[in-house]
Each structure stands twice: as C-alpha cells, then as structure tokens.
Amino acid sequence: MLHQLEGSQAIAKAVALCRPGMVCAYPITPQTHIVEHLGELIHAEELWNCDYVNVESEMAAISVTIGSQAAGVRSYTATSSQGLLYMQEGVYNASGLELPMVMTLGNRAIGSPINIWNDHSDAMSVRDAGWIMLFPETNQEAADLHIQAFKIAETLQCPVMVCVDGFVLTHAYERVDIPSPEMVDDFLPHYEPRFCLDAANPLAIGTMVPPEYFMEVRYLAHKKQLGALKIIEQVGKDFYKKFDRHSGGLIRTYKTEEAKTIIVAMGSVLGTIKDTVDELNAQGEKYGVVSVVSYRPFPAEALRAALAHAQHVVVVEKALAVGTGGILFQELELPLKNIVRKISSIIAGLGGRAITKSMLKYALKQDEREIFLGLDQNVVAEKIQLVKSCCCK
Amino acid sequence: MTTLTIGNRLDDKDAAEQSKYNRYNGITSGHRACQGCGEALAARCVVDVAHRVTGGNIAVVNATGCLEVFSCVYPENSWRIPWLHSLFGNAAAVATGVASAFVISGKKDMRVIAQGGDGSTSDIGLGCLSGMFDRNDDVLYVCYDNQAYMNTGVQRSSATPILARTATTLPVRGYMGNAAGTGKNVPQIAMAHEIPYVATASICNIRDLEEKISKAILLKGSRYVHVHVPCPLGWGYPPSETVRIARMAVECGLFPLFEAENGVVVGSTPIDNPKPVEEYLRAQRRFAHLFGKNAPPEIIETIQQIASRNLEKYRLSGEFSHE
Ligand SMILES: Cc1ncc(C[n+]2csc(CCOP(=O)(O)OP(=O)(O)O)c2C)c(N)n1
Ligand code: SF4
Ligand SMILES: [Mg+2]
Numbered sequence: 001m002l003h004q005l006e007g008s009q010a011i012a013k014a015v016a017l018c019r020p021g022m023v024c025a026y027p028i029t030p031q032t033h034i035v036e037h038l039g040e041l042i043h044a045e046e047l048w049n050c051d052y053v054n055v056e057s058e059m060a061a062i063s064v065t066i067g068s069q070a071a072g073v074r075s076y077t078a079t080s081s082q083g084l085l086y087m088q089e090g091v092y093n094a095s096g097l098e099l100p101m102v103m104t105l106g107n108r109a110i111g112s113p114i115n116i117w118n119d120h121s122d123a124m125s126v127r128d129a130g131w132i133m134l135f136p137e138t139n140q141e142a143a144d145l146h147i148q149a150f151k152i153a154e155t156l157q158c159p160v161m162v163c164v165d166g167f168v169l170t171h172a173y174e175r176v177d178i179p180s181p182e183m184v185d186d187f188l189p190h191y192e193p194r195f196c197l198d199a200a201n202p203l204a205i206g207t208m209v210p211p212e213y214f215m216e217v218r219y220l221a222h223k224k225q226l227g228a229l230k231i232i233e234q235v236g237k238d239f240y241k242k243f244d245r246h247s248g249g250l251i252r253t254y255k256t257e258e259a260k261t262i263i264v265a266m267g268s269v270l271g272t273i274k275d276t277v278d279e280l281n282a283q284g285e286k287y288g289v290v291s292v293v294s295y296r297p298f299p300a301e302a303l304r305a306a307l308a309h310a311q312h313v314v315v316v317e318k319a320l321a322v323g324t325g326g327i328l329f330q331e332l333e334l335p336l337k338n339i340v341r342k343i344s345s346i347i348a349g350l351g352g353r354a355i356t357k358s359m360l361k362y363a364l365k366q367d368e369r370e371i372f373l374g375l376d377q378n379v380v381a382e383k384i385q386l387v388k389s390c391c392c393k
Numbered sequence: 001m002t003t004l005t006i007g008n009r010l011d012d013k014d015a016a017e018q019s020k021y022n023r024y025n026g027i028t029s030g031h032r033a034c035q036g037c038g039e040a041l042a043a044r045c046v047v048d049v050a051h052r053v054t055g056g057n058i059a060v061v062n063a064t065g066c067l068e069v070f071s072c073v074y075p076e077n078s079w080r081i082p083w084l085h086s087l088f089g090n091a092a093a094v095a096t097g098v099a100s101a102f103v104i105s106g107k108k109d110m111r112v113i114a115q116g117g118d119g120s121t122s123d124i125g126l127g128c129l130s131g132m133f134d135r136n137d138d139v140l141y142v143c144y145d146n147q148a149y150m151n152t153g154v155q156r157s158s159a160t161p162i163l164a165r166t167a168t169t170l171p172v173r174g175y176m177g178n179a180a181g182t183g184k185n186v187p188q189i190a191m192a193h194e195i196p197y198v199a200t201a202s203i204c205n206i207r208d209l210e211e212k213i214s215k216a217i218l219l220k221g222s223r224y225v226h227v228h229v230p231c232p233l234g235w236g237y238p239p240s241e242t243v244r245i246a247r248m249a250v251e252c253g254l255f256p257l258f259e260a261e262n263g264v265v266v267g268s269t270p271i272d273n274p275k276p277v278e279e280y281l282r283a284q285r286r287f288a289h290l291f292g293k294n295a296p297p298e299i300i301e302t303i304q305q306i307a308s309r310n311l312e313k314y315r316l317s318g319e320f321s322h323e
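Protein sequence lines, in the order shown, are assigned to chains D and H.
Taking our numbering, the leading residue of the first sequence gets 1, the next gets one more, and so forth.
Taking our numbering, the leading residue of the second sequence gets 1, the next gets one more, and so forth.
Some hints here could point you the wrong way.
[What the hints assert, rightly or not] List of simulated lysine to aspartate or glutamate pairs, EDC-like, C-alpha gap at most 16 Å: (1) H:Lys108 - D:Glu154; (2) D:Lys230 - D:Glu154; (3) H:Lys107 - D:Asp198; (4) H:Lys20 - H:Glu211; (5) H:Lys107 - D:Glu192; (6) D:Lys241 - D:Glu331; (7) D:Lys255 - D:Asp238; (8) D:Lys224 - D:Glu98; (9) D:Lys286 - D:Glu331.
[Unchecked claim] Computed footprint of chain D on chain H; a stretch qualifies when at least three of its residues, placed anywhere within it, have a C-beta under 8 Å from a C-beta of chain D: (10) 231 to 243; (11) 295 to 304.
Hint data in this document are derived by calculation from the structure and do not stem from the laboratory.
Note that the Cβ used here is the ideal one computed from N, Cα and C, for glycine as well.
The task is simple: from the sequences and hints, build the whole structure.
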C-alpha cells in the first residue's frame, strides 16, 4: 500500500514486516528515527514476539545483536558515523561468527571535525569487514532492500548492512509502497538458524583459530562474498517477481547503451546525477549512469560489462581516502584497466555539502583526473596561510 | 556448620558437586591452562553446578582472556555446553542478547552465564556490565578475579591490589608497585545497581562457591558473583599452593566472602581468628619487594588496614554471618 512516509519510517515498517525477534536501539543522528519508530511498533504490539533493548552504547548494541542472533533469533540494529566506529570491533566479530543479522547504516560523515550530515565515510570505514553492503537510491529501495537484506543474510549466513543516506533519505518524505505482511512472509520465510546456542546440541562458537587454520577461514569468507554476487542478483529477481518492482540487484544502468561518458555512483546522489544527464543529453551529449547497489561484494564483472564501451568513466563519490583519493574510484581502476581509456574521480558532498546539477555539469566539463566538487579555494588558501603564520613559534 | 567427615561424602545431598563421580565435567581436561590455575578450577565448579541445578539448561558467554584462550584453540575445545566467545569487552551485552533470544524463541528454561576475568569485567567491559545491571537483564555474570591481565602477560588491571608487582607496575627504586589509593570494587559497584543478587566467593571454599552459584543461577534478573582465583604464574607461587593462597586471602580479611540482595549485604562468612596479611603477602613473589631491605617498614600496615576495614565493613567477626 502507498504511504507518504519519512524514509526512517519506511525502513522501520519494512524491518517490522521481516518479524525480527530483537531490535537494539542506541541514538545517533541520522539513524535515530528508525529505531524510535520500531520501538513504537514493538511497544504497541504491532510487531510482537520481539524484544526491544535500549542499550548504553553502540558496542552494546552490536553485542546484544550478536548474542541474540547467535542464540537463533532474527536480529536487527541501526547506527551511523561515530556509532559505527564505536562498534567496529563488533562489526568484524559479527561477520567472523557468520551471524546473519541486518543493520541499517544512516550514512553520515566521521569527525573530527564533528559533522552530522551525510557522506559515505562511515560505510567506507568497514568496507573490508566481511559484511554485505547495499546502497539504496530512494526510500522505496531503502525499504525494499531491508526485506531483501534478511533474505540475503540468511541464505548466505552473513551479516548485511543497508547503507542509507542520512537526511537525504532518512529524513525525506516520499511516497513509499509498503507491501502486505502476507507477501513479505511469503518472500521471507520464518527464520531457521543453521547453527545456534542450543543445550541439546552444545556448540562452541567463536573459538581461537591458530595460524594452521586462519588463512582458510579468511579465504572462505572471501569465497562467500564472491558467491554472494549471484545470490544478491537472484534475490533481486525474486523480489521483482513477487512485488513487481525493480529494487536491489548488483548494479543498475541508465541510458548507458549509447553513452560515451558514464557516471558511476552510489546512493541518493544518483537522482541528481540522472537529472543532470537528462539535461545534458537533451542538448545532444551522450552521458549514461551506472548505480552500484551492491558495494560489498564488489560487482567488478558486472561493472566491467556495463562500462566496457565507455570512452570515459567518471566516479562520483561521497568519500575520500585521505592520502590516496577516491575509494570507489580506485576500486574501479583495476577492473577497467586496459578496457576504458579514461577514468576520473569526483569527490563530492563530503559532510553534507550540496551536490547540484550545475556543479556536476561544470565538473564534467573539466579535463581533470580528480576534482573536489564545489571546493572553495579561498577557504583552503586562507587556512594554509593561517597555519603557516602561527606554527613553530 | 556441619562437620564433614569422609563418610559424609558418600551422602550425595551434602557432597560438593565437584566431589561427585557423576559431575557433568563441563570443561573437560586437556585444556591449556597452567598447572594450578585457579580460574580453571573455579570455572569448572561454576559450570558443573549450574549444569546440575538447571538440568543442563545453560549457555555460557565468555569474554576474551585466559579462560577463553586455554579452553578452545581450534580444532580443540573443552566446553561441553553451548558456549560463545565474542570479544573482550562485551560479554555482558552478548549475554543479554542470548537471554532475550531464549525468551523470544520459547526456550524459557534456559539460563545464561556470562563470564570473564577481572580485566574484562572491571575495566574494558564495565560499561556493558553496568548496562546489563541497569536493565536488570536475566544473566548471571561471573568474574574470575586473578587481579591482573594474565592472558597478555600479567599487566595491572583496576582489580590489581595496591603495591603488587605486575608487568606494568614493576617496582623500581622509589616506586613500590601498583599505587596505593587506586582500584575499584566491582561487587560494590554491582550492589550500587541494586540488582537482585551479588556475592563474592573463593576457590578455597568450593562448597560455598557452589552454593552461591546454585542460588544465583535460578534467580531472575541480573546477578553477579565475583570469584577470587589465584594465578600461580602471575602471582609467583608454586602451582600446588593455589587453594592455600586463596584460603590465606580469605582468612586475613583481604578477600571477604559475602552475599548481598538488592544492594544490601545480607550475610558474610565469619573468620574465627583473622590472620595477619603478612603471611599471605610473603607467600607470593608479586609482593616480595615489600619485604626487601629498601621497603619502608610501615608499608605492610597499609595493606593490613584494608583487611581490618573489611573485617568491620562486612562484619566478618560474626554478627551477620550465616551458618
Ligand atoms: C579490545 C581488546 N583489547 C585488548 C585485548 C588484549 N587482551 C586479551 S585478553 C587480555 C587480558 C585479559 O585479562 P582478564 O580479563 O583479567 O582475564 P585473565 O586473562 O586474567 O583471566 C587482554 C588485555 C583484546 N583482546 N581486545
Ligand atoms: S596465567 Fe594464570 S590465569 Fe592464566 S592460565 Fe595460567 S594460571 Fe591460569
Ligand atoms: Mg585477570
């Protein structure tokens, strides 16, 4: 049924439809509305047989979720930014223990300087942690991907993080179709843990693994991620069959067939990018867009296929690896080597900096390998001058 | 108090669980603890008696530390119960999740134990532990207090006694080891949360330890049992002396045995003739520098005062105590 909903509410409703038995809550902007709304649903018994635990930190949030998932219950939590860093030890632990939990990450910048607005730095800080990481483009897709996330997690026995742009999605009101409970039940069957803490079948989970076996453990985790590519694609297709809506999958293409330049990006910025491309193409240009939905596992093969015919690939991303540059950009460089002649990087929207069509149009005209979109050179120069004049006295 | 003779051991009702031929043996032998490890001994008592009392319906969440490392190096594993190790500082929170999941999935008889060393309990895991107490989550938390970070090579924790030598409080000229006036008392911190049950226990009194665990495991809400477990490697004494060292700590008043309910002490184990702390201190190399020729003579008195305060505070001289 169609509802006019805040992104966070849409996500909360989608999560509730998945009937978790544990929701763990700790406040941090911009994720907070999601767990608030879930608390309401649970306390009003619209979602029943589900525990709602108000914890004292993100470390506890991920840990309670680890415990309940390990004891065989479908479990969910959400966080953002500093919260993700605070729980980072648990993030690695959850994937190492192969616990199929789902977490929403309300994407936000990382401090210092403290900044509550949207970029993808938080997600990038755990890109090697062994979680599946999905980036929805709209609130509809954010809701849909949560339903898919539980399915993917439980099929693979691997945790899934749905990375939703803070504010831009979490706080935006849009029309969202929330499916019926029957349809979701049909799509996502009752959770049967493959292993769990069970007195009838005692199992030691999380033992120390010495050098003789550790390489194999990591190799298997890698294999699992690569195998996930197929499953994510399949779950996306199954979702389409059931709900008659394209959401998820590995990547999506937009006007790429005849494109000379293809822009690659993740998350909500794709809306602005597509609008920009439409306007440019109306003036006779040949632009296309590729959305990366599954960031982990990284769909290198699919991207190569979608981008092979481009003369120029431009990666627009809301994250920066200080000292090396664009992260998605670097990850694309290798698969596209010797295939695409030119790849360039646009770092955009850090700490919530606006990304507009005119800024994008301007940047696309520059012939530079790396651009910081909307960077104010005056501020930079001033700061450099200030540092020069006051240090080493 | 009943006098126990050899004959009484044959009476199953009065016998300690550990003395029974059919104890569950929740931690099998062959693990890698040092000889004479107090922690290994205590954990075995806790798990076996909890297993008995609950009819086998227990699951254990273990923090990182000696107990976890020595009991399960893949592909070997000593645990004969459902057991989960997540991280060093989160055992209490993980146990909260496990306890909740058992309720949600209808396994209402399952009881949950979280356990860890003094470092994981009093330092890195104190936030999670306090959160668990705050919510009164249905978990029995057992701290095995060997008074330092043993697994990483005997460094100071906030449970390390004052003036003790550890790898990070090595006495040098002008520095007598772990500074006086430092440290925290986790049983008291637990009591301040007014949780249903807090107790201290020692491996020198297995019957008392088992009794407290038997009681605690069946209570609802948060429960905390703090067990004194000497460590031959970290404290510097022969492995054969573990139980004797533990007994000396209790008998001088440095480790008082008591129980508290809802934040109030309700009973303690009396000490008939409190021994001077000196005897206990002299038996361990971690205090050897207190008896060297450079040691100020009044230094032992500082420690004696702690013991004497305990005698008073927990009324170890008798009025309070249970049978
Ligand atoms: C976050 C984190 N910090 C530090 C460590 C290293 N570490 C592992 S075990 C341990 C000491 C454990 O001490 P304690 O809890 O007292 O248990 P014990 O080994 O003494 O029984 C430390 C410091 C770790 N594993 N994780
Ligand atoms: S170092 Fe101490 S606590 Fe650790 S196994 Fe050895 S005796 Fe036990
Ligand atoms: Mg210790």
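Consistency of the hints with the structure:
1. Restraint check for H:Lys108 and D:Glu154: not satisfied, since their Cα atoms lie roughly 25 Å apart, outside the 16 Å limit.
2. A hinted pair counts as satisfied when its Cα atoms are at most 16 Å apart, and D:Lys230 with D:Glu154 qualifies at roughly 14 Å.
3. Between H:Lys107 and D:Asp198, the direct Cα distance comes to roughly 9 Å. Compliance with the 16 Å bound is thereby established for this hinted pair.
4. The suggested pairing of H:Lys20 with H:Glu211 holds, with an alpha-carbon distance near 15 Å, which does not exceed 16 Å.
5. With a CA separation close to 15 Å, the supplied pair H:Lys107 and D:Glu192 stays within the 16 Å bound.
6. Restraint check: the Cα-Cα separation between D:Lys241 and D:Glu331 comes to about 32 Å, which exceeds 16 Å; the hinted pair is violated.
7. Straight-line distance between C-alpha atoms of D:Lys255 and D:Asp238 comes to about 24 Å, which puts the hinted pair past the 16 Å bound.
8. Annotation: proposed proximity of D:Lys224 to D:Glu98 holds, straight-line Cα distance about 10 Å (limit 16 Å).
9. At most 16 Å may separate the alpha-carbon atoms for a hinted pair to count; D:Lys286 and D:Glu331 exceed this at roughly 24 Å.
10. Counting residues of the stretch 231 to 243 of chain H whose beta carbon lies closer than 8 Å to any beta carbon of chain D gives 0, which falls below the threshold of three, so the coverage claim is violated.
11. Taking a C-beta to C-beta cut-off of 8 Å, the stretch 295 to 304 of chain H contributes 0 residues in contact with chain D, too few for the three needed, and the coverage statement is violated.
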